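Novice: Sequence:
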Amino acid sequence: MPHLKVELNGAAIGGWLAELSTGFPTAEFRLLATQLRDEGALVTLEVRTTDRSDVIREFKTTPDAANVELLHADSKVVLLQFLTRDSKAYDPLYESGCISIYPTILQNGRFSVHVVAGHDSLSDYLEELAASEIPYQVISLSHSHETDTVLTNRQQQFIDTGIERGFYNDPRTCTLTELAEALDIHKSAASRLRHRAESRLVTHFATKTV
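Note that the sequence shown covers residues 1 to 210 in the UniProt record's numbering.
Simulated from the structure, these hints should not be mistaken for lab results. The model shown is predicted, which means the values in this text are computed figures rather than measured ones. Errors might be hidden in some of the hints.
Unchecked claim - Below, a list of computed lysine to aspartate or glutamate pairs in the EDC-like style, where the Cα atoms sit at most 16 Å apart:
| hint | residue 1 | residue 2 |
| --- | --- | --- |
| 1 | Lys88 | Glu28 |
| 2 | Lys5 | Asp124 |
| 3 | Lys76 | Asp51 |
| 4 | Lys88 | Glu128 |
| 5 | Lys88 | Glu127 |
| 6 | Lys88 | Glu7 |
Said to hold, decoys possible - Label pairs and their in silico Cβ distance ranges:
| hint | residue 1 | residue 2 | range |
| --- | --- | --- | --- |
| 7 | Gln157 | Arg48 | 35 to 41 Å |
| 8 | Ser123 | Gln156 | 16 to 22 Å |
| 9 | Gln156 | Thr177 | 19 to 25 Å |
The C-beta atom is built at its ideal place from N, Cα and C for all residues, glycine as well.
Work the whole structure out from these sequences, hints included.
Specialist: Written as structure tokens, this is what we have:
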């Protein structure tokens with residue numbers, strides 16, 4: 001099963017929780033669980049911070065969180081549960097049917113999301129992110145041992161380097177020409193390598209879903 005790790009810029013789309021986190025740039029917001037209900041999403045959140053009182057006050061006063069319950073608080077950790085109807089960063093995950101591996105880490109406006117799903121669902125997730133205009137960066141893409149032999153070493157190097165340099169980001173931060181230079185090959189060779197690698201991956205995952 002493929003594992004995808006992405007970083008989302010929640011603050012860029014005005015997500016209230018992401019924006020709230022920017023007020024505590026050194027704090028780590030850890031989403032431990034999200035449960036959908038008729039009245040919204042029930043979120044369990046752990047905040048690792050030394051600004052305990054200020055964090056609690058922000059959640060108690062924001063109109064975007066209802067039924068805020070303080071589950072635990074000490075000098076380093078605040079544990080909260082609340083309802084929210086505004087879940088812009090979560091919606092693409094729900095719409096694509098992907099499974100998130102918790103905790104999801106939020107720090108200074110950016111979510112680090114770990115997703116596990118089939119190839120089609122992962123593609124749907126990235127399409128949902130793009131459709132929602134949520135800026136994202138692919139951090140890594142890994143597979144189970146069954147896919148270890150799908151690509152040649154050179155093809156795997158192309159995919160890994162492409163992810164590392166942002167070739168598969170949306171928006172793309174690395175061109176094919178720049179990727180070819182990083183691999184020390186001609187652009188035409190990089191293009192052939194790309195198509196062979198992507199063709200193998202698509203064929204493999206399409207065969208798995210039949």
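Novice: Against this structure, judge whether each hint is valid.
Specialist: Verification of the supplied hints:
| no. | hint | in the structure |
| --- | --- | --- |
| 1 | Lys88 with Glu28 | violated, 19 Å |
| 2 | Lys5 with Asp124 | holds, 15 Å |
| 3 | Lys76 with Asp51 | holds, 8 Å |
| 4 | Lys88 with Glu128 | holds, 11 Å |
| 5 | Lys88 with Glu127 | holds, 14 Å |
| 6 | Lys88 with Glu7 | holds, 14 Å |
| 7 | Gln157 with Arg48: 35 to 41 Å | holds, 37 Å |
| 8 | Ser123 with Gln156: 16 to 22 Å | holds, 19 Å |
| 9 | Gln156 with Thr177: 19 to 25 Å | holds, 21 Å |
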